[in-house]
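**Q** Protein sequences appear in the order of chains A and B. Residue 342 in the UniProt record's numbering sits at position 342 of the first sequence; the count goes up by one each step and never skips. Residue 470 in the UniProt record's numbering sits at position 470 of the second sequence; the count goes up by one each step and never skips.
Because the hints were derived from the structure by calculation, they are not lab data.
Taking lysine-lysine and the BS3-like style, the derived pairs with C-alpha atoms no more than 27 angstroms apart in a straight line are:
(1) B:LYS2 with A:LYS86
(2) A:LYS122 with B:LYS2
(3) B:LYS24 with B:LYS149
(4) B:LYS2 with A:LYS94
(5) A:LYS455 with B:LYS82
(6) A:LYS412 with A:LYS455
(7) A:LYS86 with B:LYS365
(8) A:LYS228 with A:LYS94
(9) B:LYS389 with A:LYS33
(10) A:LYS94 with B:LYS389
(11) B:LYS2 with A:LYS113
(12) A:LYS113 with B:LYS72
(13) B:LYS2 with A:LYS33
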Amino acid sequence: MSVKIDETLTVECETGNYHTFCPISCVSWLYQKIEDSFFLVVGTKTCGYFLQNALGVMIFAEPRYAMAELEEGDISAQLNDYEGLKILCIRIRKDRDPSVIIWIGTCTTEIIKMDLEGIAPKLEWEIGIPILVARANGLDYAFTQGEDTVLAAMAHRCPESEFFLRERKETKQNLLTFHSRKKEELLEYANHPSLVLFGSLPSNVASQLSIELKRQSIKVSGWLPAQKYTDLPSLGNGVYVCGINPFLSRTATTLIRREKCQLIGAPFPIGPDGTRAWIEKICPVFGVEPQGLKEREERIWESLKDYLDLVHDKSVFLMGDNLLEVSLARFLIRCGMIVHEIGIPYMDKRYQAAELSLLQDTCIKMCVPIPRIVEKPDNSNQIRRIRELQPDLVITGMAHANPLEARGITTKWSVEFTFAQIHGFTNSKDVLELITRPLRRQKNLEDLGQTILVK
Amino acid sequence: MKLAYWMYAGPAHIGTLRVASSFKNVHAIMHAPLGDDYFNVMRSMLERERDFTAATASIVDRHVLARGSQEKVVDNILRKDKEEHPDLIILTPTCTSSILQEDLQNFVKRASLISDSDVIFADVDHYQVNEIQAADRTLEQVVRYYLEKCYRQEKWDQFLTDTPSANIIGIFTLGFHNQHDCRELRRLLQDLDIEINQIIPEGGSVEDLKNLPKAWFNLIPYREVGLMTAIYLNKEYGMPYISTAPMGAVNMAEWIRQIQKKVNTLTLSSSNKRVDYEPYIDGQTRFVSQAAWFSRSIDCQNLTGKETVVFGDATHAASITKILVREMGIRVSCVGTYCKHDVEWFKDQIQGFCDEILITDDHAKVGDMIAYMEPSAIFGTQMERHIGKRLDIPCGVISAPVHIQNFPLGYRPFLGYEGTNQIADLVYNSFALGMEDHLLDIFGGHDTKEIIDKSLSTDIDLIWNPESRLELSKIPRFAREKVERNTAKFARQKGIETITVEVMYAAKEALAN
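With the hints as extra help, turn the sequences into a complete structure.
**A** Here's what the structure looks like:
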């Protein structure tokens, strides 16, 4: 399969001078997802100011994250890292009492070679709270890959399958109602090995996807991450895992190599086509014949008709900053759009193999050439290409959005796709809602006439 | 290592980038890891900037970590030079990459030999100074660079302009209401018949910097950024400067009088054209600015003796404090600043205007202080606005750090005579309106629902009987918590367990005596 992709899909590589968010931004959605966590970003003022500005209002909501701001003494190793972190973590324990503290390593801790992985187990033992270490730094990763590093670290803390079951029986024995309901549930599902999905989603989207699989009598036995750190799913030999986001390649690797899980390689459940393909890849693994998927997908497409008319034959250019680009482009091509370019920070051809092959099939089906995929793009080259191509829509970061708009080029902020609910059949509409918003706005303002607003 | 949730001033490189992107045709290159270029987002979003921000990164990645930047930085500088032909390229590290201690100065030297643009290295210590200080330094550095360059080339034209003229130094991108203040200052100087020689850095061109010394004097509206440049110009070229912030009617008058003095000293004694701005000051203060009249109008009586807390950068916090106290008769219980580097000046300025001074950059300390003081209104930054929301105390934003709503499209200067009007509005609107306040007192407030116990303190052992609860609910919301706490404190002191209406009034009387 991968050979065939290489023949037809080409991935170019540019200079890597592009704008994206620092991967530490993942704390903004992960602290909300994992309710009993506390994220401690070990870094400098630069990191802190980024979080403060990028996350805007959330800072004011007394978030469960903070900076361990390194000062000159820390950098020159005049101060003891262990003692410094200990004081901060004890204070966090006192103020917030989290179930887990997650240290986010930054560029600075990399450069000064602070041994976070070495300090964490000792301190964990000393203060009695689990401490995870995720190196979400800008030296190695872009934006959403931050979540990947956190989940990969978290995978190590998932309990082993059998042990977990025994443990659970002991603690939940008093909850008799829970037990009886569980028996009922068993009848609804096919008897199959456990399936764990990985990727952080808002809880309602997670349950939508679980229900989608339940319709095929497949039971999702857990999510990585769960709503609470204390509810992490059990992993181990014989457990099947499947990713729901394209940027989770490290987590996938960890699950396969360290936790001995079986990875189901599938396209990602973004758009009705993606969701259907995703389910269709999962079903055969458990010996289930997918039921009524075709009809369901068609119904969703039917409900999207108004949006499809708006986007049909419109061209789009993805500058690339959050790794969702291939899945989005694939969905948009299926919607009838023309994709000029798919910029992407990093392309894991193995983890995204199924998605790439679906992209290829979609292009053939819609009779359009396969768009160029540009890894590590160069923003100034891209802007030159955008000026030549004059696409109807550019999906880009906030640094370029306003300047492009002022030059008469319609844009959509890519960051919104990471925060909006875009997964599953149910949310396909939301993706198109986002995509068409600038187009609709443009239509509303059409009569004003001023499209170029720079001298 | 310290625990930090929020910071008042950003890291040093932000200051450097603000200087660079304020000038026309100057490009900044950051030696930084991926993601550190969020300055572009701030500028593009907060200022709603139409142009691409002239700041890019020369990315530091694993390879750079292993082998050093080698040709990368130089290549990136030369590429920018070729693509955009800027007048000047400023290279700066971020906190992170400054630890690498690469010889960026050397890269700059090499690049400047080949490039058509001038190239300089922002000489800023990222662990010693913050955004504001770095901006101040970088501006001085740029000005010094161009004046020295001009001196070397002997294209020197030191003659002052024929008519009185001034430079305005310190108008910046992402500055608090800077654009509006700039417009207001322009108008003021026009009224005074003073020519504006240059405004830097916002919209200025580095090629014109050589003409800075032609002005008669320099104006430094905000002392945070620009003062270093003014001091340099004073030392090297003997240019006088005025660093009073023209904020508030009294400061305005003082500012104009200082200008008058400078103009008259420099006017040739033979020409007999001495200026007298007193009639202008009088006219403006009494009739153009509404603030002086407003303070005397009966509306403002309600504000007499109300307590406030002020926090912000040194310029704004000090000026607003003075306005509140001497122009509006409002009491300032505590005033503070996060500009720790300018404490001497700050303390000197607000001497006698407030009860307490707080110098800190820890927002938690500011929050605790506000909670302790329980003022009727706060004047602070976006952080204090939030603290106010939590404590149910109104807040007017008077200083950076700011949000998008502090970049209004409408005309909202803080400086000049129009500024006095804007500030008066802001102050007045921040307090619960006088009459409304009064009526609330009489009729028991907007919401007469039972109070939900917020249980901030140790209320467990105290019982409020139904009558006293009802009584408490009649107290206007903004004052209720204070009464509740005072009563509880009184009850505890007296060993009373059940709070009745009588106890409440006894507490009130005890407090009054």
